[in-house]
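**Student:** Chain residues, written in single-letter form:
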Amino acid sequence: MKYIEEFHDPALARKLLDDIRATVTRPWALMEVCGGQTHSIIRHGIDQLLPDGLELIHGPGCPVCVTPLEMIDKALEIASRPGVIFCSFGDMLRVPGTGRDLFRVRGQGGDVRVVYSPLDALDLAHRNPDREVVFFGIGFETTAPANAMAVREARRRGLANFSMLVSHVRVPPAIEAIMESPKCRVQGFLAAGHVCSVMGTGEYPELAARYRVPVVVTGFEPLDILEGVRRAVRQLERGEHQVENAYPRAVRDDGNPAALRVIEEVFEVTDRSWRGIGTIPGSGWRLAPGYRDLDAEHRFAVTGLHTREPARCRSGEVLQGLLKPHECEAFGTDCTPRSPLGATMVSSEGACAAYYLYRRLGGPVRAAREEATRRG
Amino acid sequence: MCLAVPGKVVETVERDGDAPMARVDFGGVVKDVCLAYVPDAVPGDYVIVHVGFAIQQLDQESARASLRLFAELGLLEEEFGDAWERAAAESGEAAVR
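Residue numbers (this note's numbering), protein chains in the order written: chain A, 742 to 1117; chain B, 81 to 177.
This is chain A alone, in the form it adopts within the complex (with noise of 0.2 Å):
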């Protein structure tokens, strides 16, 4: 496909690789923020190209592997309910709450549906005036505009069935979260590239200063991974913590105006509790007051729940960069895509999904295959 393929070039990854070897004289640490990069990253094999001590920390940029569990717990069960045709974007299936998932409360009976926009889930409330449609809201600001624009479309259709469940998150208060935390070993940001998209890069500049990181806008393709890490190592080399943007054709510093209008009408931040994380203040979007009769959580009174995290996934250190997901010892033995203990086994953006998705096993399971061979 056209602007993807012309970005995994051998021959220019190669100069790219060249320039990040002839530059980097030290160790350092780069943090990716969002999980679609983590995947690129893994898929091909890009950590394992840079230079020695050149290390790419995980970042917490996956949806659905932040939304809280008690959030997860509410989804399962409006979605269990009679005369509920729930929506989420699939990725949203397979991550576990207290003790099911989605795929299974429709196995159960529930009418669990999968839409690819939520204007999709606007035309099922349009054609099911009978029913109650609900569409689960998730997302980071890369999402924020299609979400805003359903739940505005919605009012101005006038279809009175249709609520959201909104667990929107924002990724600036995040960063400064992992920069605050005492075991932080981040030493620039590759920023995600989509949110900025939407967002622009104005969010950043205060943060790099405060922080003393360089923050590179980083696109998705493999080149554009490449020249995020090229331009942040440069400037760690010279010392220079400044906000840059490596993605130009899909960023531009004010971001989408439109976008943010439809945003900041429909929106508000809030405190968001981050799962295996936290919560972190300011860290996320509800629906403001004016659009708060189509909140689910205000429509559907769900009480009672027990929520109940495994206590051997260490998914919340994943998520934080602290630990890789091979390093724990239930990866890819008690905990596998099959039979997740965590959101991070499942997600397309989860970063143990991605390590398990592309073979990169290492430390117990290395050690029980190996020790399997040696028996024979």
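Quick caveat, the hints were computed from the structure, so don't treat them as lab data. Errors might be hidden in some of the hints.
As the list claims (entries may be wrong) - In silico contact screen, one side only, chain B against chain A (beta carbon under 10 Å); selected entries: (1) 88; (2) 111; (3) 136.
In this text, a Cβ means the ideal position worked out from N, Cα and C, and glycines have one as well.
For chain A, the structure is supplied; the task is to place chain B on it using the hints.
**Tutor:** Only chain B this time, still in chain A's reference frame:
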């Protein structure tokens, strides 16, 4: 979820009062996409699409400029660098000096 893909606008569809839509071609797969946030896009333009919404117009000149920049990296190295090291790297064997 943050994955967004570039596609080419094939045709735009205006419906009275409704959000503007377009048919967008992703290398052979054609989908309906909401153009409300990229209202200036016309057929032939590329847009970045996420969950059925164009979130940004793809700046084709920037894309070409990035590729040119990558191609030019290492030109100085080729001009002044160590030809033996390059030949060794290309051949996969160690250079004999």
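**Student:** Hints first: check each against the structure and report whether it holds.
**Tutor:** Verification of the hints:
The criterion of a C-beta within 10 Å of any C-beta in chain A is met by residue 88 of chain B, whose closest approach is roughly 7 Å, and the hint holds. Because the closest C-beta pair between residue 111 of chain B and chain A is about 8 Å apart, less than 10 Å, the hint holds. Because the beta carbon of residue 136 of chain B sits about 4 Å from the nearest beta carbon in chain A, less than 10 Å, this interface hint is met.
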